[in-house]
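Protein chains: 2
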Amino acid sequence: MHEAAPGHVPALDALIDALRHLPGVGPKSASRMAYHLLEHDREAAQHIARALDAALGAVQRCARCNTLTEDAVCSICADPRRDARQLCVVESPADLAAVEQTLTYHGLYFVLMGRISPLDGLGPKEIGLDRLMTRALDGAVEEVILATNFTNEGEATAHVIAETLRPRGLRVTRLARGVPAGAELEYVDLGTIARALVDRRGT
Amino acid sequence: MHEAAPGHVPALDALIDALRHLPGVGPKSASRMAYHLLEHDREAAQHIARALDAALGAVQRCARCNTLTEDAVCSICADPRRDARQLCVVESPADLAAVEQTLTYHGLYFVLMGRISPLDGLGPKEIGLDRLMTRALDGAVEEVILATNFTNEGEATAHVIAETLRPRGLRVTRLARGVPAGAELEYVDLGTIARALVDRRGT
Chain A
1 MHEAAPGHVP
11 ALDALIDALR
21 HLPGVGPKSA
31 SRMAYHLLEH
41 DREAAQHIAR
51 ALDAALGAVQ
61 RCARCNTLTE
71 DAVCSICADP
81 RRDARQLCVV
91 ESPADLAAVE
101 QTLTYHGLYF
111 VLMGRISPLD
121 GLGPKEIGLD
131 RLMTRALDGA
141 VEEVILATNF
151 TNEGEATAHV
161 IAETLRPRGL
171 RVTRLARGVP
181 AGAELEYVDL
191 GTIARALVDR
201 RGT
Chain B
1 MHEAAPGHVP
11 ALDALIDALR
21 HLPGVGPKSA
31 SRMAYHLLEH
41 DREAAQHIAR
51 ALDAALGAVQ
61 RCARCNTLTE
71 DAVCSICADP
81 RRDARQLCVV
91 ESPADLAAVE
101 QTLTYHGLYF
111 VLMGRISPLD
121 GLGPKEIGLD
131 RLMTRALDGA
141 VEEVILATNF
151 TNEGEATAHV
161 IAETLRPRGL
171 RVTRLARGVP
181 AGAELEYVDL
191 GTIARALVDR
201 RGT
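Line by line, the protein sequences are chains A and B.
According to UniProt numbering, the first sequence holds residues 1 to 203 in order.
According to UniProt numbering, the second sequence holds residues 1 to 203 in order.
This is chain A alone, in the form it adopts within the complex (with noise of 0.2 Å):
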């Protein structure tokens, strides 16, 4: 319809499709963006294609944990400050940033490829498995904190990772489930409630 439209534009047209790469962006969306762009605001969108290019060329996996970085090895992974005994497993660099946020862990990282998710393919190989066993199995490594979501598939991530490793003799922990901080018991899951009161623990 764009095609034949009067008073079409390609460039205008290519934009508005590529928008629509972004997570989350339909076609209203990614319309509304480029107009809003090319119209009000051409600096931002050169500041955009620049960041991009410069964030593409700079941004690799850190050759250890997998995160994102800017250099071989990530600067967590380059402390020497950080407890090599334990190791905590997130699903990806946003899972990182978040655990790493709280200050309050002060171990390494492994960052899993996404997780695992049979309909979509992605198997204990996809995801990265093999290369998290070597890096568990350095020697210096005794507990795995696994953080992976606690969706359907984070779970089932979890359990994969926990029976490959618990066998190695290695320590394998969770995070805890329960109610989130702040919350009130009306308006919290019947699910986690229950998963609460199983876990629960003595004061």
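Calculated directly from the structure, the hints in this document are not laboratory data.
Predicted, not measured: the structure shown is a model, and the values here were computed from it.
No residue lacks a Cβ here, since even glycine has one placed at the ideal position from N, Cα and C.
One or more of the hints may lead you astray.
As the list claims (entries may be wrong) - Listed next, with one range per pair, are the computed distances between beta-carbon atoms:
1. 41/B x 102/A: 27 to 37 Å
2. 24/B x 10/A: 16 to 26 Å
3. 151/A x 80/B: 56 to 66 Å
4. 119/A x 121/B: 51 to 61 Å
Using the hints, position chain B against chain A.
Showing chain B alone in chain A's frame:
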């Protein structure tokens, strides 16, 4: 906080900051977009950067109607089959595209630089009323159809344009207000129903 965080990746942070300039994108979405592009879709990132550069280079304003185009004069203004006696005034190129997609209008357009909004410092001059005057008084235009939005600013803009053009002997009309196609009266707001009653027409 980002500055001090361990595992800080400057090029990633710069990309997140740049993406926040997209309309409707806050810090959480920008972060999600940046991680997604760098982790899972580097091809899309390159694609977007190239489409932005191409659009910035190619897309300009039509010298005649002010819409976005790749030529000096847009394909609608350059089309001799369009009726030069009608001039439809819209707030933006996206609004022009919406009218055009109805396939019911065969006149020409004029795209304002936004709408009158005193609070944002946008008066008649800022939205290009002078240019509209010159364009509308070219001798060929007989009717100016005001298709600014039915918001307070859009209505004020339509009012100012009507007051300016009517004394020059032009017929000035406004898009009809009324009940939207497909609407059930029960769910239409009262102001719209009241207006549709006042503007009722013989069948």
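Results of checking the hints against the structure:
no. : hint                      : verdict
1   : 41/B x 102/A: 27 to 37 Å  : holds, 28 Å
2   : 24/B x 10/A: 16 to 26 Å   : holds, 25 Å
3   : 151/A x 80/B: 56 to 66 Å  : holds, 60 Å
4   : 119/A x 121/B: 51 to 61 Å : holds, 53 Å
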